[in-house]
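Residue numbers (the working numbering), protein chains in the order written: chain H, 644 to 940; chain L, 22 to 1066.
Take these hints with a grain of salt, some might be off.
[What the hints assert, rightly or not] List of simulated lysine to aspartate or glutamate pairs, DMTMM-like, C-alpha gap at most 25 Å: (1) K942/L with D888/H; (2) K808/L with D993/L; (3) K776/L with D888/H.
In short, the hints are calculated from the structure, not lab data.
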Amino acid sequence: MSQSATGRFADYGRPRRVEGGLKARSTRGAIGRSWWSRRFLEVLESFALGTRLTRGRSYARAGQVVRLDIAPGAVTAVVQGSRPRPYDVHIGLSPFPAELWDRVEAELAAQAFFSARLLAGDLPAELEELFAAAGAPLFPAAVDELTQRCSCPDFAVPCKHLAATFYLLAEAFDADPFALLHWRGRARVELLDRLRSLRAAATGVTPAFATEDAATDADAADLTPVGAARVLAALPQAPLAEAVDRFWLPPVPLPDRPPSLATGPDLLLRQLGPPAPAIGGPGLLERLRRAYRAFGG
Amino acid sequence: MLVIHGLWLSGDPGEPALAVWGERSTLPAEAPRRPGRLPRERPHPFAADHATLAAALAEAAEPTGLDTALLTLPTRGGVPADSPELVRTAVAVPPRGRVTLGGWRVPVLRYAPDAALPLLRALDDLPAVPGATLRHLAELADFAADLVARGRVLPSVADAVAGDSASGARAVWRPLLTGTDAGWARSLALALPPAARAAAPEAPPGVLLADALDALTDAAARAALADTALARGMRPGGPVPAWLRALTGPHREFTAEPAALALLRAELDAWQRDAAGGAVRASFRLTEPPADPTLDDLALSARTSGTKDAIQGPEVQDRGEVVGAGDRWRLEFGLQAADEPSLHVDAARVWRDAAATAALAGRSGNPQETLLAELGRASRLWPDLDAALRTAAPEVLELDVEGAHRFLREGAPVLHAAGFGVLLPSWWHRPSSRLGARLRARSRTAPGTVAGTAGGVGLDALVDYRWEVYLGDEPLTADELAALAALKTPLVRLRGRWVELDPKRLAAGLRLLRSAGELTVADLLRLGLTAGDDGAALPVLEVTADGALGDLLAGAVERRLTPLDPPATFRGTLRPYQRRGLAWLAFLQSLGLGGVLADDMGLGKTVQLLALLAGDPPDAGPTLLVCPMSLVGNWQREAARFAPRLRVHVHHGADRARGEAFVETVHAADLVLTTYSVAARDAVALAGIDWHRVVVDEAQAIKNASTRQAEAVRALPARHRVAVTGTPVENRLADLWSIMQFANPGLLGPAATFKKRYAEPIERHGDTEAAERLRRITGPFVLRRLKTDASIISDLPEKLEMEVVCNLTAEQASLYRAVVDDMLDKIESSEGIERRGLVLATMTRLKQVCNHPAQLLRDGSPLPGRSGKLARLEEILEEVLAAGEKALLFTQYAEFGGMLRGHLSARFGREVLFLHGGVGKADRDAMVTRFQSADGPSVFVLSLKAGGTGLTLTAANHVVHVDRWWNPAVEDQATDRAFRIGQRRRVQVRKFVCAGTVEEKVAALIADKRSLAARVVGTGEQWVTELSTAQLRDLFALEAGAVAE
């Protein structure tokens, strides 16, 4: 292995396989789909080069990261290397002080735009500007803003375990831009709660809502039936035994078919926009567009 | 007879598939009995075997495999129940005991989705009767194909059917059900016949239907992509090329590294997450600026006083400020439940009023965050929304007039298609809110030439024309158009109404105003149809003309014309609306134009036509009337009765005249009757005659434009064409095209264009503008009056009784003769009680032949195409059902009632009730209740004995006596089931008799009796036994003209 020449401690042989480790969703090329996760990785890639990044990506894809926790100011991870005992990884980034968050939250609450886009899974570029204007850049500008620690014997920083953690962190930001804000000091639930009270103060109403259960959205997405079952799964059961006398015919008459909306056959593609670059991005969209044109006949 | 049923086998385990099984009427409904408890599973006694099924379905699709299935079927007395479509000629003693569910094993043919789709879409052409399950699945297949045609599908990844699910997967197209599509899918699931679940009794209907719809949609997408390659030219490697390849063609499986596959799934999910939307969605309601009457008046006065000169310059500028830019439009936000759009909460209340959102609780998390997330998603589709999100609690987006127009044109369709609720002002969908054109034409009165005064305008005549451009109801001059264009505002309030000013349409209007010239009447009529199809052209609001053509185009011409009295040679009186109908027919004829007489059944289309024919000058030449075989006898008799001077010739049968003889015969006749099948066969000979007029009766027969008979009939040269139909043609536009292509060739343009521009937009997308254009162009040529029209109903009697004369088929006639010969021999050589018995048996057998050969033969042979009565009955029921009405059918033979019930339920795909002596009181009461309910079955077969008295069946306004009891009192009593207190509509009573048979002769005797009263004839059939053999011979003998085949 040519890579072994670059570091004395780097070559401990193959890492141990991890059952059920966190795997990067991306399987080839760059990791990071959104502009914000790539912006975050740029910081890493600006100071770390070469094999550790490559091997960190492979670690991330192979599922060597056993755990990843995001907390205000600290990301901690457990990464399985080649030794039996996994390494503890810590990436520190100082959280914004409370009074800065207060100012930012007041601005966020004043414009529904930010919460709307964040809740829709977007981190609007304006948000970065807003933090910058408040004197608190959202992304670390230089490596020295980060404290990086790994319990592995490799003296290089970042080591491949740190690099793997960075990649998985970037994907966590892709999936939920609130994760980045969490690292900087505000968890999603907490942030939404505070925004809600600020909004209530602005509209003059005391909110009486339950706190949003962040878990419901994510869980629901996994359990949601796909295809036609999405709208048909909840229909009532109709045991055959109750239908013996009307067994052969529709239990209720079929109404006239409602008219449907006349739209171009590729409207759906226009609505969805391009998929992630990891699966082909705009190129894939163009290929699928051929299919939708053929549907329209 | 073979009845086929469909089962959907969901893909768990294995591949999803359609399974088809069948019942055969010829196999006995008996299962071997064994003592003791019933076994859990037995072979189905009358299920069709694999070979029978395969032979019947071979045309449509190749089965994927042979198999058996264990079905859970209603079982009574140890025998599985017949499906309602199954017709047994022998009425079996109904098995006793309770109906329970039992397990029966049947042979099935399996069809994988790619084979199931073509099979389900070709059901009508199979030599087997499809049951309700297959017809329902066919509806589902149509839906799947329509979803694909509209692009409401998403490419995705599903688990492999078998094997390693980490590296193996299937590429699938999944239906995306939103809005009305979701509603229709639910309707299909709720109406799924339980029999479709017989192989999986535990599966809920929703799950089964979802599985079938998924599989059929995937198959339909692949069928549409037969010639498309999605991965062409891609570098191999990674899961994407393999997935794309597996999205077309028959092979759905593909493999990829587990991690890569997981990524593909995750990214596709992330990409498509917003396509369907959640349980609660944002809604957007656009409202106009509040009306300001003073400003409106100002705009109006500028408009109305506007001469060419007055409306230019600064005044226009003022008007622009008044009606345009200053106004604020509001796009109001809210939340609504996706599955219950009426559950709606304004954004203002979402922000301020916790209690108001309680209704949405349980459907989403926190309503405020749901609204925010929904607005975030919507703003990605329609970035204009961002402007409203700059406040803490957005409730509304304020728009200027350009913004409002952009939302109406672009934003609303995108948001609606993406599943958001969108509510637009009602005027937006109204054609009157747009710029439109009116075409004015003037017939040519060329001085010096004397146009054929008798001849009319004709489709080829030339007229002068010019265009006028209208905004709403107001005409605009070229200067005014230019002034409006100068306003540079897309929406203007005019006389209190908002109208759209599309710059492209304004320019098109200017062009039109400059054009003028001459064109043919046909082009004039067509212009009303073709213009306005693309966005840049103006919709044509109206086409008007002077003179007779103008009367026609003005619409409702029938009501303006002076009612025409029938000619003196017509024997009979016409009701007022019939005299108006006659005037309309004569008027169209004078213009050289064809018409479609589409009055409701029972309004007397035949007499109106006969009155027209009776008025033809003696040298006019012959009229050809093409009708179904079942109607030939009726026309013959009605012509003889109402227009006895008409010389009628029936061109039908194997010995019909040919060559020279044919030409001579035709020219010696005024009315030539023939059938559709002969018209197709003798197309060349018939086209060689110079017909004065061609009439097609039951014109639905030519609704398929490409059939041989439709082509043959259209090719007949004639000066005047009339199509007669009682089925509402305006509902099926392909049918309308074909029938209009006969009556006024070319009027509706080529079929393909018509389909694309009218049939599809109107039928599939509910395009009211296109429907209005079509109505305007066809309106003058279609006369359809309903029984319920106020102007008609007063002319109609409460109870309209008609004797319907049917023909025998050749098969019926030869059977009839055989029975007469055989029985008369026996009667001659017998006496006393034996003779009486033989006479009554002869009556019975002859009446059975008149009903249907299969009733006499009791051989379980197929029913279609073998009985004149049955054919006529189907035609009548088709019109009854199309009108959404209900009918009672009386027969004195329970076994024929059973055959009718089976045949008609299969033929019309609806439940048909059947009441006979073996039905218990509880079941009878249940039937009556269901028939009387608004959405209950529409056809009720009753045996005269069981159903003739006591019941109230006023939901029916049609009564058909399929065969006769020969006792008017009994028949009237039966008729009164429908015609009694509680009946609010006119009741039509039809009594069937076969021409030239004992039925017609006895009917004639009874008609005498009813006027003379004190005779014994009308009290049953006993009197027949007293007749001498010679009298019997006369009574039974089959008269010439009974057969029309």
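Against the structure, the hints:
no.	hint	in the structure
1	K942/L with D888/H	holds (16 Å)
2	K808/L with D993/L	holds (22 Å)
3	K776/L with D888/H	violated (42 Å)
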